[in-house]
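Asker: Here are the chains, one letter per residue:
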Amino acid sequence: MKVYEKPNALYGTFERKTGPALESTHYCQGCSHGNVHKMIAEALVDFGVQDRTVFVSPVGCAVFGFYYFDTGHIQAAHGRAPAVATGIKRANPNSIVLSYQGDGDLAAIGTAETIHAANRGENITVIFINNAIYGMTGGQMAPTTLIEQHTTTTPGGRVEGIHGNPIRMCEMISTLTAPTYVERVAIGNSKHIMKARKAIRKALQIQIEGRGYSFIEILSTCPSGWKMTPPDARDWMLEHMTKVFPLGVFKDESKAREPGSWDRVIKPFEPEAVGAYLKDFVGATVADPSQSKPQEMHCKFAGFGGQGILTMGLFWAQLAMRAGSKVSWIPSYGPEMRGGTANCQVNIADERIGTPLVEEPTMLAVMNQPSLEKFEAEVVPGGVLLVDTSMVKTAPTRTDIKTVLIPASEMANQMGTSKVANVILLGALTAATDAFPFEYVIKTLPELIKKKSLVEMNIEAFTRGYQYVREQQNG
Amino acid sequence: MAGVPYLEVASELCKGCELCMGVCPKQCIAIGDKLNSASYRPVYYTGENCTGCGLCFYACPEPGAIRVVKP
Ligand SMILES: Cc1ncc(C[n+]2csc(CCOP(=O)(O)OP(=O)(O)O)c2C)c(N)n1
Ligand code: SF4
Ligand code: SF4
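Residue numbers (my numbering), protein chains in the order written: chain H, 1242 to 1716; chain V, 347 to 417.
These are calculated hints, taken from the structure and not from any lab test.
Only a predicted model underlies this, so the values are computations on that prediction, with no experimental measurement involved.
Wrong hints could be hidden among the right ones.
Each pair of labels, with its calculated beta carbon distance range [claimed, not checked]:
hint	chain 1	residue 1	chain 2	residue 2	range
1	H	H1357	V	Y352	46 to 52 Å
2	V	A376	H	G1379	31 to 37 Å
3	H	G1397	V	Y352	48 to 54 Å
Even glycine gets a Cβ: it sits at the ideal position worked out from N, Cα and C.
I would like the entire structure built from these sequences, with the hints used as guidance.
Answerer: Here is the structure:
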């Protein structure tokens, strides 16, 4: 006896809605997504892989895949399904991973992920629903929309000179070396549908056997987006879409690929190995037990790009980290490598830090005029404001904060390079806040500087900045 | 004794798209005239000639709408 019925890899009821609709999909009347779901689910059951399948659903009408497939599931950000599928497959090579995507998802926003997953020959199955339109968002033009096809964004029809031509994904992907199997099928009449079924099964089989990447493009109908009845949509698809998107096998190397040869097995990291590796890498980042942690601080360092602003904040954060504090450091800069404005924000605390942003600094160091003007008002009352007076010509206006003025850039120039102005400021800051003992910094700073030939000069710069402020304090 | 093949339509799930009708080689599916609670017009099996080929099952987009039994 043979029974054709809803396969067990689809849930009995779809918990998305209540009432009689509980067993019905959210897809429109005559939408091909349902046909494809059914055939995939049937194959998963027939091949006995349902329990180790992870279905990656896209953004688009198939976004609710998790309501339907009784498998593992991840819903990816728009276009990212093949990248997510790559991660799942590599982390868990025994899983069967389906990247199920519409044309907006796969061929517009996700083109890069699509091409590169194919190019790497990930051992996954990509199911590409080409319905020539953005269904979910209400029928906008997709990369696969036909010339002269009317959509909400091409109300006069798609025009080559304005919108470009429909993209043929199978043709593109089959030029790549890695993919194993690339075929275009259609949800048209029975002959087409049974071919589509065969292609889906073959693609899954290839993955199960570790023979590599498959790409199945399925010409589909979107009666709602196309504003047609389902039978008219099917006929239109067969008449017009197959001319632009010819059906057939574009690449099939499944026989030549050794089973298992495309399993990209990556050994999971051993925690001890990671620990050992990191220790080597960061040297003595282990907190210095001789040092007591600094008090809580929220710092902002700001100036022009190229002044060493980001490094200054990073050193400050690293000094605190090695003293045992929890720290965060986040840079913020414009597109220019030199000359634009740059700032970085550093939090230092005993507790875990929630946000890396500093909106109410207890400490602000500025190395240019715009930064003083922009950030002075943010400093909390009682906070510290450090100004490089070589670069900032107007005096700070706040009287409820502690202001420290130092001509750091000129002092650096006297040392032969303006590049150490940032470290002079760090010295000044250390003296002004007493955040760290002088000796601790002198001992730790050399470990933070990558170029060993520059250590001496930086120690000198730090010391000059520190002494400058101490002298002011004393006198 | 081999029974007679037949199909069943779950009329509450059928969306009345008529795609099954178009693929049935024996034209044994017909459109009904009543609305279901989702306000679609479900199809029904005319009761004769189903060979149990299953083509309507694959043409139907709605997973639970058609069931074909070939004894
Ligand atoms: C990052 C992002 N950009 C845009 C959207 C809006 N959006 C939702 S679905 C969709 C298009 C989906 O079209 P397609 O992939 O063809 O799938 P279909 O709905 O036709 O099945 C877009 C642009 C979004 N959700 N996320
Ligand atoms: S909008 Fe189009 S793709 Fe989306 S469910 Fe409806 S018919 Fe299917
Ligand atoms: S194909 Fe399915 S949903 Fe469409 S009319 Fe036939 S039984 Fe109903």
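Asker: It remains to establish, for every hint, whether it holds in the given structure.
Answerer: How the hints compare with the structure:
no., hint, verdict
1, H:H1357 - V:Y352: 46 to 52 Å, "holds (49 Å)"
2, V:A376 - H:G1379: 31 to 37 Å, "holds (33 Å)"
3, H:G1397 - V:Y352: 48 to 54 Å, "holds (50 Å)"
Of the numbered hints listed earlier, not one is contradicted by the structure.
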